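J.: Using the sequences and the accompanying hints, generate a full structural model.
Mapping to full-length UniProt numbering: the sequence shown position 23 is 23, numbers consecutive.
It is worth saying that the hints were derived from the structure and are not from the lab.
Take the hints with a grain of salt, since some may be wrong.
Quick list of simulated restraints, FRET-style, between CB atoms [said to hold, decoys possible]:
id	residue 1	residue 2	range
1	Arg51	Ile138	14 to 24 Å
2	Val107	Ile22	55 to 65 Å
3	Val94	Ile74	10 to 20 Å
4	Ala8	Val105	44 to 54 Å
5	Ala36	Thr104	31 to 41 Å
6	Pro48	Thr143	24 to 34 Å
7	Leu20	Leu126	46 to 56 Å
Only a predicted model underlies this, so the values are computations on that prediction, with no experimental measurement involved.
All residues carry an ideal CB built from backbone N, CA and C; glycine is no exception.
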Amino acid sequence: PLETKNLAFFSTFAVEGTCLGIVVRTGDRTVMGRIANLASSLETGETPIAREIAHFIHIITGVAVFLGVSFFVIAFVLGYPWLEAVIFLIGIIVANVPEGLLATVTVCLTLTAKRMAKKNCLVKNLEAVETLGSTSTICSDKTGTLTQNRMTVAH
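T.: Here is the structure:
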């Protein structure tokens, strides 16, 4: 539906001869407007590292809750007061929270971006480093510029 054979777009020049045209669509209803709408409606999905971190956190949470409840039951069976058993339960769950995980991932991504900068590759967004790690082919224009997935219009 977006392929056209006999249309001229805004600012089209005729190199030879003359031409007569009629305006059939304007604004968002034009071919370029529909392409811009398609390009701007793309949703960014979760990055691979973000998916792995979420999966890892779910596993750690399950293990922490299981260990906490297990030790709570063991402490209760051994005759500890219920308040001490609850404190022990909370302590085990809190101790298993990976507090430095996000900071570690951010530092690793920053170091990767710094290493790429030494090879003349400017990274403005650390999420791009995450996604580039799982990329097998990169297509770019003649300048080698990778742009955002946004089309902007200027007149």
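J.: For each hint, tell me whether it holds in the structure or not.
T.: Verification of the supplied hints:
no., hint, result
1, Arg51 x Ile138: 14 to 24 Å, "21 Å, holds"
2, Val107 x Ile22: 55 to 65 Å, "60 Å, holds"
3, Val94 x Ile74: 10 to 20 Å, "18 Å, holds"
4, Ala8 x Val105: 44 to 54 Å, "50 Å, holds"
5, Ala36 x Thr104: 31 to 41 Å, "40 Å, holds"
6, Pro48 x Thr143: 24 to 34 Å, "28 Å, holds"
7, Leu20 x Leu126: 46 to 56 Å, "53 Å, holds"
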